[in-house]
Amino acid sequence: MRTSTSGGLICCGSGDECEAPRRCVAGRRGGRSGAGRRTVTLAATGALRGTVPTAQIAPGARPAARCSAPALPGRVVDVMATDMMGGMMPGMMGGPDGRGTGWHGMAMMRLLVHPATVPAGTVSLRVVNSGAFTHEVIVLPLPTGQSVGQRPIGSDGRIDEVGSLGEASRSCGAGTGDGITPGASAWTTMTLQPGRYELVCNEPGHYAVGMYTELDVTAR
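Residue numbers for the sequence shown follow this note's numbering, beginning at 1 and rising by one.
Please keep in mind that the hints were generated in silico from the structure rather than gathered at the bench. Even for Gly, the Cβ is constructed at its ideal location relative to N, Cα and C. Heads up, a few of these hints could be off.
Claimed, not checked - Simulated restraints on C-beta separations:
#: 1; residue 1: 218; residue 2: 154; range: 29 to 35 Å
#: 2; residue 1: 155; residue 2: 218; range: 34 to 40 Å
#: 3; residue 1: 149; residue 2: 115; range: 18 to 24 Å
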């Protein structure tokens, strides 16, 4: 068996077939399109080499899980957790009341909700984490006269969850868990009275950079 190279091509000898760069397999004839023409293969040159990109996982995030929610009872509200991945670095960015305490590099975190208004009664949240960090969704009543995003933030980057009416933080499951991993879904079902509610992600630092939204519940 012999090989020859020319201009980046590696050719097998007569009667052999090039099966991979720099290797010929005896006894297997290459395809021919004309008399005396041999099958050739391109060598893996630097110009042709490439790597398959892999999904980036944010620092501290768990590997992605893929799943979808089952059919849910009542009015279904879709919630999408989004972020623009950045480096996670502890830091203080706020004043004495704890406002602005967070982690540098985590800007542009959002909770997107649809619909934003539902009638009172059984309400199910169907949450999808489309970001690169682990997220969660917690439902809190909004006090009269208070807007979303105004809750005090502790030194640990979290808000007080006392009074929570429901939580979706179990990857590929219902209720409370260890957080929704990137690509996963989570869900929870509650009975909500008419009023204003704040949906928040209470992973450390996430509320401070905008991970909250409002859900309004109207009388039937």
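Worksheet item: Which of the stated hints cannot be reconciled with the structure, identified by number in ascending sequence?
Response: The structure breaks none of the hints.
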